[in-house]
Amino acid sequence: MTDATLTSRPARRAARKPIDGWRWAGRFFLLFMLIFTVLPMAWMFLTSLKSGFAAMQFPPQWWPAEPTLYNYAKLLDPQNSVGQDFLRYFWNSMFVSLTTTILAVVVAVPAAYAFSRFRFPGRNFLFFSVLFRNMFPAVIFLVPLFILMRWLGLVNTHGSLVLTYLTFGLPLAIWLLKGFYDNIPIQLEQAARIDGATRFQAFLFVIMPLSTPGIIATAIYSFIGAWNEYIYAYTFLNRNDQLTLPVGLQRFFAENTTDWPGLMAASFLMSVPVVVLFLVLQRYFVRALTEGAVKH
Amino acid sequence: MARVVLENVVKTYGSFRAVNDVSLTVEDGEFVALVGPSGCGKTTTLNLIAGLIPITDGDIHIGDRLVNDLDPKDRDVAMVFQNYALYPNKSVFKNLAFPLQMRKLPKSEIANKVHEAARVLDIEHLLQRKPRELSGGQQQRVALGRALVRDPRAFLMDEPLSNLDAKLRVQMRTELKRFHQDLGATIVYVTHDQLEAVTMADKMAVMSGGDLQQYDTPKNVFDHPVNMFVASFVGSPAMSLIPVTVEESGGTVSLKSEEGWSLPLSPANARKAQSATSRKVVLGARHSTIILHTEATKGAIPGKVYTVEPTGDITFVQVFLGESILIVSLDPSVDIEPDQQVWLEFDQDKMHLFDGETEMALKAVNK
Numbered sequence: 001m002t003d004a005t006l007t008s009r010p011a012r013r014a015a016r017k018p019i020d021g022w023r024w025a026g027r028f029f030l031l032f033m034l035i036f037t038v039l040p041m042a043w044m045f046l047t048s049l050k051s052g053f054a055a056m057q058f059p060p061q062w063w064p065a066e067p068t069l070y071n072y073a074k075l076l077d078p079q080n081s082v083g084q085d086f087l088r089y090f091w092n093s094m095f096v097s098l099t100t101t102i103l104a105v106v107v108a109v110p111a112a113y114a115f116s117r118f119r120f121p122g123r124n125f126l127f128f129s130v131l132f133r134n135m136f137p138a139v140i141f142l143v144p145l146f147i148l149m150r151w152l153g154l155v156n157t158h159g160s161l162v163l164t165y166l167t168f169g170l171p172l173a174i175w176l177l178k179g180f181y182d183n184i185p186i187q188l189e190q191a192a193r194i195d196g197a198t199r200f201q202a203f204l205f206v207i208m209p210l211s212t213p214g215i216i217a218t219a220i221y222s223f224i225g226a227w228n229e230y231i232y233a234y235t236f237l238n239r240n241d242q243l244t245l246p247v248g249l250q251r252f253f254a255e256n257t258t259d260w261p262g263l264m265a266a267s268f269l270m271s272v273p274v275v276v277l278f279l280v281l282q283r284y285f286v287r288a289l290t291e292g293a294v295k296h
Numbered sequence: 297m298a299r300v301v302l303e304n305v306v307k308t309y310g311s312f313r314a315v316n317d318v319s320l321t322v323e324d325g326e327f328v329a330l331v332g333p334s335g336c337g338k339t340t341t342l343n344l345i346a347g348l349i350p351i352t353d354g355d356i357h358i359g360d361r362l363v364n365d366l367d368p369k370d371r372d373v374a375m376v377f378q379n380y381a382l383y384p385n386k387s388v389f390k391n392l393a394f395p396l397q398m399r400k401l402p403k404s405e406i407a408n409k410v411h412e413a414a415r416v417l418d419i420e421h422l423l424q425r426k427p428r429e430l431s432g433g434q435q436q437r438v439a440l441g442r443a444l445v446r447d448p449r450a451f452l453m454d455e456p457l458s459n460l461d462a463k464l465r466v467q468m469r470t471e472l473k474r475f476h477q478d479l480g481a482t483i484v485y486v487t488h489d490q491l492e493a494v495t496m497a498d499k500m501a502v503m504s505g506g507d508l509q510q511y512d513t514p515k516n517v518f519d520h521p522v523n524m525f526v527a528s529f530v531g532s533p534a535m536s537l538i539p540v541t542v543e544e545s546g547g548t549v550s551l552k553s554e555e556g557w558s559l560p561l562s563p564a565n566a567r568k569a570q571s572a573t574s575r576k577v578v579l580g581a582r583h584s585t586i587i588l589h590t591e592a593t594k595g596a597i598p599g600k601v602y603t604v605e606p607t608g609d610i611t612f613v614q615v616f617l618g619e620s621i622l623i624v625s626l627d628p629s630v631d632i633e634p635d636q637q638v639w640l641e642f643d644q645d646k647m648h649l650f651d652g653e654t655e656m657a658l659k660a661v662n663k
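Heads up: the protein sequence lines correspond to chains A and B, in order.
Per the working numbering, residue 1 is the first one in the first sequence, and the count goes up by one each step.
Per the working numbering, residue 297 is the first one in the second sequence, and the count goes up by one each step.
Hint data in this document are derived by calculation from the structure and do not stem from the laboratory.
Possibly wrong hints are sitting among the right ones.
With the C-beta cut set under 10 Å, the calculated list includes, among others, these residues of chain B facing chain A [stated by the list, open to error]:
id: 1; residue: Arg442
id: 2; residue: Asp454
id: 3; residue: Tyr602
Below are the DMTMM-like pairs computed for lysine to aspartate or glutamate, each with C-alpha atoms no more than 20 Å apart in a straight line [unchecked claim]:
id: 4; chain 1: B; residue 1: Lys426; chain 2: A; residue 2: Glu189
id: 5; chain 1: B; residue 1: Lys386; chain 2: A; residue 2: Asp85
id: 6; chain 1: A; residue 1: Lys74; chain 2: A; residue 2: Asp85
id: 7; chain 1: B; residue 1: Lys400; chain 2: A; residue 2: Asp85
id: 8; chain 1: B; residue 1: Lys390; chain 2: A; residue 2: Asp85
Restraint ranges, calculated between C-beta atoms of paired labels, are given here [to be verified]:
id: 9; chain 1: B; residue 1: Pro533; chain 2: A; residue 2: Phe132; range: 33 to 43 Å
id: 10; chain 1: A; residue 1: Ala138; chain 2: B; residue 2: Ile349; range: 52 to 62 Å
id: 11; chain 1: B; residue 1: Asp367; chain 2: A; residue 2: Phe132; range: 34 to 44 Å
By construction, the Cβ of each residue, glycine as well, lies at the ideal position given by its N, Cα and C atoms.
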């Protein structure tokens with residue numbers, strides 16, 4: 001037993017490569033990309049701390065001379081009409097995104113498992129028809145889906161958005177999760193079933209915990225997709241009290257003026273849930289993308 | 297523990313017959329090895345016993361129950377997989393406890409049984425670790441522990457040693473054999489390594505192409521292979537097989553090769569040779585039953601040394617007898633060189649004769 005332990009150790013150590021030129025090139029590239037992604041965010045945040053006048057100055061004021069939280073206070077104040085609207089949009093977005101996410105996971109997990117494990121008639125046809133949707137840009141479906149929603153009486157309801165987001169999100173969610181289940185050795189389930197578990201228990205106690213990173217990745221993916229979506233929300237909803245955040249932000253564009261600091265503050269608040277979600281769950285997300293499911 | 301009975305078991309995938317009409321009985325407490333080359337149907341047979349795949353035709357009994365339509369969980373067998381199939385997210389303790397939890401045993405009893413199994417397998421100090429923190433040999437013990445913890449009717453093992461390195465494999469082989477003796481467990485063991493089967497099993501079932509070729513004790517399979525496939529599969533190095541024809545002149549029956557040498561047969565072997573469906577027969581001889589002479593000897597057939605492979609305690613010599621190659625074992629003290637002229641003498645009591653058409657072992661018939 002000891003010699004086996006000894007032989008396995010160096011193998012693990014050898015997996016770490018020395019830092020070489022390519023690695024440094026990679027780091028510089030990442031740094032470069034970081035400028036593109038972080039700079040707009042930083043500018044958004046800095047602008048949100050300015051007064052309306054300071055935001056419009058030219059040459060621009062890079063660093064707010066008199067930083068103020070006034071814009072945030074206004075947005076988060078339920079007494080204020082702007083705040084009232086913003087909080088309502090926020091809640092609407094949260095409701096639509098969470099419902100979409102929960103439904104996506106509830107449907108995608110068993111569907112992906114079935115695609116991965118069972119051979120049934122029409123399996124390949126179904127699986128590729130699931131992917132077929134992704135061949136077309138989302139906007140192509142705008143009019144047909146609107147007609148469909150009107151026929152279903154769902155226009156001006158959040159249900160129309162949830163259904164639409166599922167139409168777009170589910171195929172990829174199923175696809176992502178199927179890859180996960182494919183990587184879990186079937187022997188684990190067989191072992192569980194021989195150990196006394198039913199097929200469902202084997203799935204619940206053995207397979208589900210192993211696919212947690214995949215499920216979380218799928219959930220994040222569905223949530224972000226729904227949270228950011230604009231064009232369908234803009235088309236399907238007309239009543240002010242139902243708007244989601246991306247559409248609601250338009251309020252800051254008046255006919256002749258735009259409240260830039262207010263818009264930026266609202267945008268910043270809008271990105272908070274996604275960032276928090278990511279920070280909390282990122283270790284799962286990274287595992288999902290790099291590790292597959294189970295290492296051997 | 298219980299006996300396992302297979303009656304005319306068939307498994308087909310479309311038109312492909314993976315397991316073809318296999319019948320065998322594993323007695324209570326017996327260690328049976330299913331051996332054969334990959335794709336011979338041995339693992340499929342094991343999965344049929346476990347209930348992991350549905351049976352196409354035939355019956356499987358475990359104990360006195362017909363289990364054809366039972367779920368794996370209700371068959372009360374334990375299985376050890378080639379890749380161990382340990383639950384990667386559970387600690388060793390939880391891996392061992394899982395089968396007991398599924399059977400809803402009280403917590404204290406689970407802990408007792410897990411510790412008892414861990415003690416037997418000497419893995420008590422590993423109980424809190426995760427499977428990926430264990431060496432191959434340790435994982436293998438945990439897999440064994442998970443099977444042993446709940447006292448099943450039979451153990452099914454699918455190549456459990458093939459992922460271990462050579463030294464550990466030999467060690468675990470001894471331990472498995474000891475484990476079988478101590479527990480009196482019914483074990484069905486799948487392997488492609490005939491040596492594992494010969495060394496551990498009470499009986500071996502040699503399979504090929506979905507068919508059960510021979511089911512007997514390792515000694516009988518080794519000494520009396522029923523056909524050329526079994527003869528060449530069991531034993532290492534493999535039995536030498538030489539195609540010859542049967543000649544009869546003046547009351548003597550002899551085997552004649554294309555190259556011209558001929559070998560007069562003993563009366564018993566002559567009767568076997570005459571029972572062949574045609575004049576074409578195949579002579580089979582194991583390395584240890586051929587005597588090599590370095591000088592011309594009466595009754596010995598001349599050949600030429602091809603290679604010499606010393607292994608330490610035995611030297612294997614490959615000899616060209618015309619077009620055929622034979623393997624002969626020698627004491628390492630004998631001096632021998634490649635291309636040397638040698639003479640081979642066959643032990644008539646231990647040589648095998650096969651029908652050249654049907655490839656079946658020939659039996660003596662009384663005329």
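Hint numbers contradicted by this structure: Of the numbered hints given earlier, those the structure breaks are 3, 5, 7, 8, 9 and 10, listed in rising order.
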